[in-house]
Amino acid sequence: MAAGSLIVVGTGIRTVGQMTLESIAWIRQADKVLYVVGDPIAEAMIRELNPEGAESLSVFYGVGKQRIETYNQMIDRILECVRDGLVTCVASYGHPGVFVYPTHEAIRRARAEGYSAKMLPGISAEDCLFADLNVDPGILGCQSYEATDFMANGRIIDNSSSLILWQIGVVGDATFKTHGYDTSAMPLLVQRLMAYYPANHPVYLYEAAVLPGCEPTIINANVAALPTIPMSAGFTAYIPPARQTTGDPVIVQQMQALRGG
Amino acid sequence: MANQGSKQGAGGHGGGPGDEGAPDTFRSFLIDIATDPARLGAFIRDPDSEMAAAEIAEADRAILKSGNAAAIHGRLTGQTGPVQPPVTVLVVDAQQQAGGGTPTLSVRAPNLQIPQLLQMLQIPQLQIPQLLQMMPQIPPMMLEVMVAAAAQAPTPLFPQILPQLVVHPQIQPQLVVHPQILPQLVVHPQIQPQLVVFPQVLPQLVAAQAQAQPTGLLSPLQIHPQISPLQVHPQIAPLQIYPQIAPLQIYPQVVLPPMIFGAQAAPPPQFAPPQNMPSPIMLAPQIVVPPQIFPQIAPPQITFPQIYPQVIFPQIAPPQISPLQVFPQVFPQVFPQIFTR
Numbered sequence: 004m005a006a007g008s009l010i011v012v013g014t015g016i017r018t019v020g021q022m023t024l025e026s027i028a029w030i031r032q033a034d035k036v037l038y039v040v041g042d043p044i045a046e047a048m049i050r051e052l053n054p055e056g057a058e059s060l061s062v063f064y065g066v067g068k069q070r071i072e073t074y075n076q077m078i079d080r081i082l083e084c085v086r087d088g089l090v091t092c093v094a095s096y097g098h099p100g101v102f103v104y105p106t107h108e109a110i111r112r113a114r115a116e117g118y119s120a121k122m123l124p125g126i127s128a129e130d131c132l133f134a135d136l137n138v139d140p141g142i143l144g145c146q147s148y149e150a151t152d153f154m155a156n157g158r159i160i161d162n163s164s165s166l167i168l169w170q171i172g173v174v175g176d177a178t179f180k181t182h183g184y185d186t187s188a189m190p191l192l193v194q195r196l197m198a199y200y201p202a203n204h205p206v207y208l209y210e211a212a213v214l215p216g217c218e219p220t221i222i223n224a225n226v227a228a229l230p231t232i233p234m235s236a237g238f239t240a241y242i243p244p245a246r247q248t249t250g251d252p253v254i255v256q257q258m259q260a261l262r263g264g
Numbered sequence: 041m042a043n044q045g046s047k048q049g050a051g052g053h054g055g056g057p058g059d060e061g062a063p064d065t066f067r068s069f070l071i072d073i074a075t076d077p078a079r080l081g082a083f084i085r086d087p088d089s090e091m092a093a094a095e096i097a098e099a100d101r102a103i104l105k106s107g108n109a110a111a112i113h114g115r116l117t118g119q120t121g122p123v124q125p126p127v128t129v130l131v132v133d134a135q136q137q138a139g140g141g142t143p144t145l146s147v148r149a150p151n152l153q154i155p156q157l158l159q160m161l162q163i164p165q166l167q168i169p170q171l172l173q174m175m176p177q178i179p180p181m182m183l184e185v186m187v188a189a190a191a192q193a194p195t196p197l198f199p200q201i202l203p204q205l206v207v208h209p210q211i212q213p214q215l216v217v218h219p220q221i222l223p224q225l226v227v228h229p230q231i232q233p234q235l236v237v238f239p240q241v242l243p244q245l246v247a248a249q250a251q252a253q254p255t256g257l258l259s260p261l262q263i264h265p266q267i268s269p270l271q272v273h274p275q276i277a278p279l280q281i282y283p284q285i286a287p288l289q290i291y292p293q294v295v296l297p298p299m300i301f302g303a304q305a306a307p308p309p310q311f312a313p314p315q316n317m318p319s320p321i322m323l324a325p326q327i328v329v330p331p332q333i334f335p336q337i338a339p340p341q342i343t344f345p346q347i348y349p350q351v352i353f354p355q356i357a358p359p360q361i362s363p364l365q366v367f368p369q370v371f372p373q374v375f376p377q378i379f380t381r
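Respectively, the protein sequence lines represent chains A and B.
With my numbering applied, the first sequence corresponds to residues 4 to 264, in that order.
With my numbering applied, the second sequence corresponds to residues 41 to 381, in that order.
Please keep in mind that the hints were generated in silico from the structure rather than gathered at the bench.
It is possible that some hints are incorrect.
No more than 25 Å apart at the CA atoms, straight line, and that leaves these computed lysine to any residue pairs for SDA-like [claimed, not checked]:
#, chain 1, residue 1, chain 2, residue 2
1, A, 68, A, 156
2, A, 121, A, 24
3, A, 121, A, 104
4, B, 105, A, 136
5, A, 121, A, 34
6, B, 105, A, 221
7, A, 121, A, 20
8, B, 105, A, 216
9, A, 121, A, 72
10, B, 105, B, 80
11, A, 68, A, 101
12, A, 121, A, 50
13, A, 121, A, 111
14, B, 105, B, 88
15, B, 105, A, 20
16, B, 105, B, 72
17, B, 105, A, 219
18, A, 121, B, 75
19, A, 68, A, 152
20, B, 105, B, 87
21, B, 105, A, 134
22, A, 121, A, 58
23, B, 105, A, 217
24, A, 68, A, 189
25, A, 121, A, 31
26, A, 68, A, 104
27, B, 105, A, 218
28, B, 105, A, 212
29, A, 68, A, 79
30, B, 105, A, 135
31, B, 105, B, 90
Far from chain A, some chain B residues (derived; all Cβ distances over 12 Å) [said to hold, decoys possible]:
#, residue
32, 86
33, 89
34, 92
35, 93
36, 95
37, 97
38, 98
39, 99
Beta carbons: idealized from backbone N, C-alpha and C, even for Gly.
Hey, can you work out the whole structure from these sequences and the hints?
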């Protein structure tokens, strides 16, 4: 096993309260802490926990720049540190493995090169959504897609189950912007959703609270009204089921028969 | 990762003790409660005391307690200028009134434009009563709101959320269309009607029955088809009966036995009607066969309930053909012929 290693941790959506003790310990002990965080508390905390090794990866973002290009540059920087023999900690906001391409790819490459690499779980926006909207994905199921991926790849959904669309506020825009993402594709998303839902079917636009003392943002809207709502890039859409599930009595009977009932 | 920038884009609050170079007790305090569970617990239990103990300035305390993300963010980043709240700031709260009753909705939208605010205030989805039945995972407070809204909403929109009731027949058309898309099953009896009729007139069966039963008990009403197969044919009425069923799939025996009988049966032209007619009891093949000929009476109870009973039952079983409709086609045509003999 090579000398360098990689550990990926998450700071949670709201740093105050959602950082795990293990993540804090790794940030303290690492030789290098590369971070991509969204709130000033997280950045200040990381810099205080590891003032010598903290380094932001946000410098790779650029207005109008393709995000995939930024991600690849982040991966290269991470692997540079690992190859230098450093215990490298990558801190990402939220869950470091949920909708974070660079961390997964960096781990894959590091392992392929013989380095130790692993990821610690964190609290994602979806976790916060379940808590703040008081919904249980285990009751009626839950489908989760990135909004642009949902459209571009023709995802098939079951409208008897919940649907979560990530990054609905940047749908159709693959570039980075500090604000004002191009959401001109929103009507197409509505058109796609209306193949599964009535026009007045509720859609909950959700953004978790990032800073202490703040409340989450929850907008009650409906499918048809989505293009008229001012969007934040941090929005996640939660769409409740539109119909009841269709039972399969044959399978039920077969399961009962296998149980001897 | 894509929303990284948006979380940095909020405006500042202007000034504050967080300027560069000077120790920032506010920021340090937040870092402490983020990394020290004990301090975070103390802050959760009594924020004012904890902030006072940390010597947080009154202005910073007010900012932290305001719940204004833009102000807190601006204070931490030291941004100056007018506060620009985040784009999405509409929050709908439902507060239960004391003593029960309809919850009170409050909408917090500090900087939302009027048209948008009006649109939000309509809250159309709260007027949808079907949510009460379809979404048990809705927050209880929302359920209460929607219960009240449903009581006031005169027009239910249930059909919009029960698409499966409409779609089902489209998804499983074969269950309904089968009889319609298997014309060969309809034609078959027409091509070889004697295969169906001849078992009724097999001489060896009739002879055996005649020997076993006294002639006085014979019932010419039921025997008659044996005498004149050509007249019996209309009794089967394949055009009316078979199009409604799929005997090959449901009752293979319906098709196979006639083939066997046909091979064993004597040529129809040479057949001479027996003098001694069997009794109705002895004409068991005729009695047993009709259920095989008209399997549409039984299949819904045997086959379909195992698959989609709620879809099949109403569409197939009774409406298309019933015993009351089938049997009159068979026997009334026989009766006059018998009476005229």
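Numbers of the earlier hints that this structure fails to satisfy, in rising order:
Result: no hint breaks.
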